[in-house]
Amino acid sequence: MENKHKPERVHLSAGRRELLDIVKTCRAVENREFNPFLLDVRRAIEILRQYFPYWKDLDDYCLDAQTLNELSKVIKLQNTQLRFQSSSLYADPEFLERKFERLSVKRLAEIFVKCWHPTVELEQLTLTAVEEALEYWRNLLPVEERFRRLQLGRSSQPQALEMAEALRLGVTSTEGFMKMLDKVWSEMKKEYSKSGEVDYWEFTLRDSYSETLRRAYLISFLLTYGYARMLLKKNGRMLLEPYEAQRVEDRQLVSFPISIGMERWKEWKQKA
Amino acid sequence: METESVGKRFYADKLKQAAHLLLFKRGKMPGAKDWELKMKLGRNYEEVMNQLNVVLGDLDLEVRKIIEESVSGPMGFPSTGRGETEARFLVGLKGSLTLREARMCGWRIDNLSALSVAISYLISKQGKAPRKDVEKLLAYKFGRWRAMTLVDVFIRSGYLNEDETGLLSLGWRTRAEVDLKSLMTLVLEARPS
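Chains A and B, in that order, give the protein sequences. Each residue of the first sequence is one higher than the one before, starting from 4 at the first, in this note's numbering. Each residue of the second sequence is one higher than the one before, starting from 39 at the first, in this note's numbering.
Next comes chain B alone, as it looks inside the complex (with noise of 0.2 Å):
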């Protein structure tokens, strides 16, 4: 019975251990590395995020996977063959917000739509774009100063990544926080209201 009680309180202080590491911040990108849980919770960890996965799942809250970018494929999926040696848990939104939801979050429906434009077009071109053709496309919308601080505030949050030729592809935010294939299908769906 203590021997229960005891096994209780260390898988519970665990939790709230793994909660700790994934929810605050500590350095550029939120979450934590797969080494890192590892580190701080021993070999078991992944039985602790299913855990910790099943508590947030009532908040609607989930516990998320990515592959880090360096053993990544262009689209986000993982690369064949060099394993998934570097991922990062994350812990996310389960469901989505509503578009009130999302203002009161501090979003500007005009990003919103920019980024889902931007997405969906680097999509389309197979996870990479030329800077400019996606400046020119945003810039019919959104005019073309607002189209350049866009792709700068795109870049800056994660949710794209500039290389020095000037090409943009999808970031690890972008990976990380959308339904690539529901934004797809929803925009090819999507008529004009």
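Next comes chain A alone, as it looks inside the complex (with noise of 0.2 Å):
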């Protein structure tokens, strides 16, 4: 009897994991990892009927039926995958990302706007609106309570800053706004003639951190103003290309945050 017994508990150990594999594989199609017709529903049902006769407790009953359970969840996803092949919606995902890839941003809009019909909609206080607003105003702390939480603490008086202190704490400059663009611009269509690529962190990065925000500032209204551009690298690294003259960009512009923190600065100049 011992000896009929311990294949079986092997038998049924690797059946609950085989019916655990498939619920498993049923859930990925479910949600959209696989196709649906990567599942042979038919050899799934195989191993269902190999141990059905072998189940004794209830949870081995629970897992053939949630197996099956899932099946035919599968089987709705394949027959929905015929209908909606059939359909003119159709169309292969892996050609559209191709031709997504080839199209310009220009291109995808206008084709969007020609089969887009917008709603008519008429923006008004509602009741809903009001009864947020109120809730708002009501949570809300007064002014002292919010700035004690800041712990800002006492703020001075107004006071006159002499020219040469002002210097000294970089909130003016003696040179113009405009001349420290050009300045910049200039050093950057040089670099970029000589060795025909400008890397932005090593033309950003200076001795001094006060330094190099100052320059990453000057780039950003660069970049902005339509005198270079960047270009992002898919090896994650960032190129600026200075133009001769400045160029009004037709397309619209995207906002691209540069984190230039004190430690990357450090690990930069004990490097250097």
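Quick caveat, the hints were computed from the structure, so don't treat them as lab data. Please note that the accuracy of each hint is not assured.
Unchecked claim - Straight-line distance between alpha carbons at most 27 Å, and here's what the computed BS3-like set of lysine-lysine pairs gives:
#1 K76(A) - K170(B)
#2 K219(B) - K117(A)
#3 K52(B) - K236(A)
#4 K102(A) - K103(B)
#5 K186(A) - K269(A)
#6 K63(B) - K117(A)
#7 K170(B) - K109(A)
#8 K117(A) - K179(B)
#9 K170(B) - K79(A)
#10 K63(B) - K27(A)
#11 K117(A) - K174(B)
#12 K166(B) - K109(A)
#13 K102(A) - K174(B)
#14 K76(B) - K76(A)
#15 K272(A) - K186(A)
#16 K166(B) - K102(A)
#17 K236(A) - K174(B)
#18 K63(B) - K102(A)
#19 K182(A) - K197(A)
#20 K236(A) - K272(A)
#21 K132(B) - K117(A)
#22 K237(A) - K102(A)
#23 K102(A) - K163(B)
#24 K52(B) - K237(A)
#25 K52(B) - K102(A)
#26 K170(B) - K237(A)
#27 K166(B) - K79(A)
#28 K117(A) - K52(B)
#29 K103(B) - K117(A)
#30 K109(A) - K219(B)
#31 K179(B) - K237(A)
#32 K163(B) - K27(A)
#33 K182(A) - K237(A)
#34 K166(B) - K52(B)
#35 K179(B) - K236(A)
#36 K219(B) - K79(A)
#37 K27(A) - K170(B)
#38 K197(A) - K236(A)
Both chains are sitting in their own frames, so use the hints and assemble them into the complex.
This is the structure we're talking about:
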């Protein structure tokens, strides 16, 4: 008797594992991770049939029922896919991805507006909006309380600042802003003509942290005003490409925040 | 004669009331539900809607009926067997805008482009796809950070839906405003300019 049961126990645990695998695959199909036709439903049913006579515990029967239920969902998805493929909306997702890569942003927008019929809606103050606003003001702490949480302390009275002091603090500069921009732009063009590429970090990082920040600030203006552009490489490198003259880009500008932390600067300085 | 004028005035009043109900946003979503219209306009509200449609037609506008999510299928088509018990009526543009007009309405070209990519990709995936897949696709053209923001914007405005498992699907606004068949045809036919 003992000998008869031992191989069966091993057999059953393998069966449970197989059923759990089927359930897992079915869930992946439901979450659109796999194509529903990748699952061999016939084979899965055979596995269910193979182990069904050996189940004795309630848990095993529940697992069996759960597997069958998940399989039925996959069959439903297969049916939906077949119906969808026969409709005019069908397109291969991979083909579409390649298409999107080739089409320009403007072209895609043009396509969209052709089949877009926006809803007409006049915004107005609603009862819900008034209630939400009231709730907001009710819960808002007084200014003093909010400032106390920020621990700002008492602020001093405004005072006059000497020019020399303002220069020391970096609030103002003897050089005009446009002149500073021009200087950095010329430097960038020189660097570009020399090496054919300008690495953002190499160009920005300087011996003092404040100078590094100043350069980053000026470069951001050069990019925004169309004196240069930034290229993001797949390996994460950021390259600057100066233009010979200011260009007005037709397409929308994209904001791209770059964090220039003290840690990064210190790291660079140690290496340098 | 008098009866006719009374009947006309009564009808004109109903049309005005219907226009107010559909055009002024009162809740989170624009338009009005069918039961709401029935309550305010009476049993023949569908007839009033048809008449309003004729009136608005001259202004390149139309009355649209969309099936609420609870009773519609994954692609926005009514599911069989449950009937159209919950419908929403909206007023929308009959024709289409030019890119310039869309920009004047506050839409960025990038956003429109990203929306067209997201919607067509979801359609090709039968209406549902993991959010990370959509973001990855958008990131190629718009950058990773912007892709995440764009998906959030589309969800907030009702063009996309996100469930608790991170699956994206087409939202009520897409079903109400976008001609999905034309979009797919135009995308597939498009050649790089």
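Results of checking the hints against the structure:
no. : hint              : result
1   : K76(A) - K170(B)  : holds (23 Å)
2   : K219(B) - K117(A) : holds (12 Å)
3   : K52(B) - K236(A)  : violated (61 Å)
4   : K102(A) - K103(B) : violated (33 Å)
5   : K186(A) - K269(A) : holds (25 Å)
6   : K63(B) - K117(A)  : holds (25 Å)
7   : K170(B) - K109(A) : holds (24 Å)
8   : K117(A) - K179(B) : holds (21 Å)
9   : K170(B) - K79(A)  : holds (25 Å)
10  : K63(B) - K27(A)   : violated (45 Å)
11  : K117(A) - K174(B) : holds (25 Å)
12  : K166(B) - K109(A) : holds (26 Å)
13  : K102(A) - K174(B) : holds (15 Å)
14  : K76(B) - K76(A)   : violated (38 Å)
15  : K272(A) - K186(A) : holds (24 Å)
16  : K166(B) - K102(A) : holds (20 Å)
17  : K236(A) - K174(B) : holds (16 Å)
18  : K63(B) - K102(A)  : violated (38 Å)
19  : K182(A) - K197(A) : holds (23 Å)
20  : K236(A) - K272(A) : holds (24 Å)
21  : K132(B) - K117(A) : holds (11 Å)
22  : K237(A) - K102(A) : holds (20 Å)
23  : K102(A) - K163(B) : holds (15 Å)
24  : K52(B) - K237(A)  : violated (61 Å)
25  : K52(B) - K102(A)  : violated (49 Å)
26  : K170(B) - K237(A) : holds (19 Å)
27  : K166(B) - K79(A)  : holds (15 Å)
28  : K117(A) - K52(B)  : violated (33 Å)
29  : K103(B) - K117(A) : holds (20 Å)
30  : K109(A) - K219(B) : holds (20 Å)
31  : K179(B) - K237(A) : holds (12 Å)
32  : K163(B) - K27(A)  : holds (20 Å)
33  : K182(A) - K237(A) : violated (34 Å)
34  : K166(B) - K52(B)  : violated (40 Å)
35  : K179(B) - K236(A) : holds (13 Å)
36  : K219(B) - K79(A)  : holds (23 Å)
37  : K27(A) - K170(B)  : holds (20 Å)
38  : K197(A) - K236(A) : holds (20 Å)
Of the numbered hints given earlier, the model fails hints 3, 4, 10, 14, 18, 24, 25, 28, 33 and 34; all others are met.
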